[in-house]
Amino acid sequence: MHIKHHPILGEQLQKQVTIYFKDEPYTAYEQQSVAAALLANDIKQLGVSRNLVQPRGMFCSRGRCCSCYMTVNGEDHVRTCMTKVVDGMKIYPNDGDPQVRSESHGD
Amino acid sequence: METDVLIIGAGPAGLTAAVETASRGLDVTIVEESLSMGGQLIQQTQVLGSLPSFYQPKRGFELAQRLRKLVEDTSVRCLLGHRVIGFYKDGSVGISDEANVFPLKAKKIIVATGAAEKAIAFPKWTLPGIMTIGAAQTLLNRDFVLPGKHAVIIGTSDFAMDVALQLSEGGVQVKAMVEKSQTVLARDTEKVNQVSKMGIPVHVNSSIKEARGIGRVEEIDIEQREQIMTIPLDTVCVDGGRSPILDVFYQLECSFGYQRELGGWIPQYNPFFRTDREDVFLAGNAAGVSSQGVLLVTGIIAGINASESLGALSKEEAEIKTTSLWKEIETLETKLDPDVWNARIRHVQNYEHPVLTDQFIS
Chain A
12 MHIKHHPILG EQLQKQVTIY FKDEPYTAYE QQSVAAALLA NDIKQLGVSR
62 NLVQPRGMFC SRGRCCSCYM TVNGEDHVRT CMTKVVDGMK IYPNDGDPQV
112 RSESHGD
Chain B
125 METDVLIIGA GPAGLTAAVE TASRGLDVTI VEESLSMGGQ LIQQTQVLGS
175 LPSFYQPKRG FELAQRLRKL VEDTSVRCLL GHRVIGFYKD GSVGISDEAN
225 VFPLKAKKII VATGAAEKAI AFPKWTLPGI MTIGAAQTLL NRDFVLPGKH
275 AVIIGTSDFA MDVALQLSEG GVQVKAMVEK SQTVLARDTE KVNQVSKMGI
325 PVHVNSSIKE ARGIGRVEEI DIEQREQIMT IPLDTVCVDG GRSPILDVFY
375 QLECSFGYQR ELGGWIPQYN PFFRTDREDV FLAGNAAGVS SQGVLLVTGI
425 IAGINASESL GALSKEEAEI KTTSLWKEIE TLETKLDPDV WNARIRHVQN
475 YEHPVLTDQF IS
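If you read the protein sequences in the order shown, they are chains A and B. When we follow my numbering, the leftmost residue of the first sequence carries the number 12, and every step to the right adds one. When we follow my numbering, the leftmost residue of the second sequence carries the number 125, and every step to the right adds one.
Mixed in with the good hints there might be a few duds.
Far from chain B by the CB rule (all over 10 Å, computed), these chain A residues [as the list claims (entries may be wrong)]:
(1) K26
(2) V28
(3) T29
(4) F32
(5) K33
(6) D34
(7) E35
(8) Y37
(9) R61
(10) V97
(11) D98
(12) K101
(13) D106
(14) G107
(15) P109
(16) Q110
Calculated lysine-lysine pairs in the DSS-like style (CA-CA distance at most 25 Å, straight line) [to be verified]:
(17) B:K315 x B:K273
(18) B:K273 x A:K15
(19) B:K273 x A:K95
(20) B:K193 x A:K95
(21) A:K15 x B:K299
(22) B:K182 x B:K193
The set of hints was computed from the structure by calculation and includes no laboratory data. The structure presented is a predicted model; accordingly, all values stated were derived computationally and were not measured. Cβ atoms here follow ideal geometry from the backbone N, Cα and C, with glycine treated the same way.
Take the sequences, apply the hints, and build the full model.
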């Protein structure tokens, strides 16, 4: 849930934007991180772990734990707690390892 | 790109170090991973109780605004959204903007990378909805998102009390605080009383046994004197304490010492907050986890002595200022916890006899 009126900081959410998670539109506000904006829309599972395929969500919100990796605007393994929402952003869960070892990307 | 002083991290310590160096006419560059200055002060809405004598009491975010203003009034170059990712063979710092990497040659480096929250492991601790207490506070006060409706906090530090109060005031029902020790760890009894007035139950001699849920946390088991209490919820905030962020010090091959009260392994440093490398200073939680007030003072000391090493102020003046600032640290840190102050003194005394060099620890 977005906090429309914060007990100390007042009304901070001003500029509304639309983001897309698995091609569905959701409401977010400029200045929010991608992980936070998804959580505000009750999306907590941001991906799965690579070995045991366990659900993963935002954990540290500091860009250190990498639990919030997602695919954002075509880029894999984006730390969504460190990335701010942008209108029209396309977000997909991190459901596997990205293909990085290919001829076009070197090894 | 070249600079006199490179400061890594724009938290409270990095910012005071920047003001000290830039105000003496040095060319200063700050590298900051996030997109804003202020570090973890940004989401601190509580009044900071123990600031240096030359500061009025203020809320964390207000202090961040003030520091930001002071830095903006100087000619400091701020590379926001940039990270130090390594060092070139010639000693240049490798900086990335997430797309490119470029070298920056710095005469002196002040490392103010801060501290990271530690996790608490229990079965299913990785379920979505389980997060650090700092993450919950960030959601609430920086992103303006309610982390959930029903939460349990694992831990009873002063910080845990602050966040418990802020979550409650924000509309989250804090169902319990869980402490494995016999007593509450918070030293601020006023805060503990406020938590109790809010009707938040605090369970001592208790620990989290496991979490359960499908795709997200739905309930947890709390064990208290061999009794199991199951609590339905959607959010668990874990307060595992913090430890200094040391990656850059490893890369710079600094030596380390261990002080449990200061967060574990920390780089060796002398009273001038200089590491065992002549060109590397440090400040803030990276020099030992402490209160916000202490962090500010360590940044000032590092800034003064980095300036002195570049000839921007005299040795005598730097020494006089440093001595009086150490008194400030003593006052603040003894009030926070005398054990922390004692560990800091021990650590600085050990500078001449490092216990660990040329060894990668993690």
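Going through the hints against the structure:
Every CB of chain B is more than 10 Å from the CB of K26 of chain A (nearest about 12 Å), matching its label as outside the interface. Residue-level check passed: V28 of chain A sits 13 Å from the nearest beta carbon of chain B, beyond 10 Å. No Cβ of chain B comes within 10 Å of the Cβ of T29 of chain A; the nearest lies about 16 Å off, and the non-interface call holds. Taking the minimum C-beta to C-beta distance to chain B, about 14 Å, the non-interface status of F32 of chain A holds against the 10 Å cut.
K33 of chain A, annotated as away from the interface, keeps every beta carbon of chain B farther than 10 Å; the closest lies near 14 Å. The non-interface label for D34 of chain A is consistent with chain B: the shortest C-beta to C-beta separation is roughly 20 Å, beyond 10 Å. E35 of chain A, annotated as away from the interface, keeps every beta carbon of chain B farther than 10 Å; the closest lies near 17 Å. At roughly 12 Å, the least C-beta separation between Y37 of chain A and chain B is larger than 10 Å, which holds for a residue marked as non-interface.
With a closest Cβ-Cβ approach of about 12 Å to chain B, R61 of chain A is found to remain outside the 10 Å limit, as its non-interface label requires. Separation of V97 of chain A from chain B is adequate, the least Cβ-Cβ distance of about 12 Å exceeding the 10 Å criterion. Every C-beta of chain B lies more than 10 Å from that of D98 of chain A, the closest at about 17 Å, which supports listing it as non-interface. Residue placement check: K101 of chain A keeps its beta carbon more than 10 Å from all beta carbons of chain B (closest about 18 Å).
With a cut of 10 Å on Cβ distances, D106 of chain A stays outside the contact zone with chain B, its closest approach being about 13 Å. Annotated as non-interface, G107 of chain A keeps its C-beta farther than 10 Å from every C-beta of chain B; the closest such distance is 17 Å. The beta carbon of P109 of chain A is kept farther than 10 Å from every beta carbon of chain B, the shortest such distance being approximately 15 Å. Remark: the non-interface label on Q110 of chain A is consistent with the geometry, its nearest Cβ contact in chain B lying 19 Å away (cut-off 10 Å).
Between the alpha carbons of K315 of chain B and K273 of chain B the distance comes to roughly 22 Å, so the proposed pair stays at or under 25 Å and holds. Proximity of K273 of chain B to K15 of chain A is assessed by CA-CA distance (about 15 Å); at most 25 Å being required, the pair is judged to hold. Proposed proximity of K273 of chain B and K95 of chain A is supported: the alpha carbons are some 24 Å apart, at most 25 Å. At most 25 Å may separate the alpha-carbon atoms for a hinted pair to count; K193 of chain B and K95 of chain A meet this at roughly 23 Å.
For the hint pairing K15 of chain A with K299 of chain B, the CA-to-CA distance comes to about 23 Å; that is within 25 Å, so the pair holds. For the hint pairing K182 of chain B with K193 of chain B, the CA-to-CA distance comes to about 15 Å; that is within 25 Å, so the pair holds.
Of the numbered hints listed earlier, not one is contradicted by the structure.
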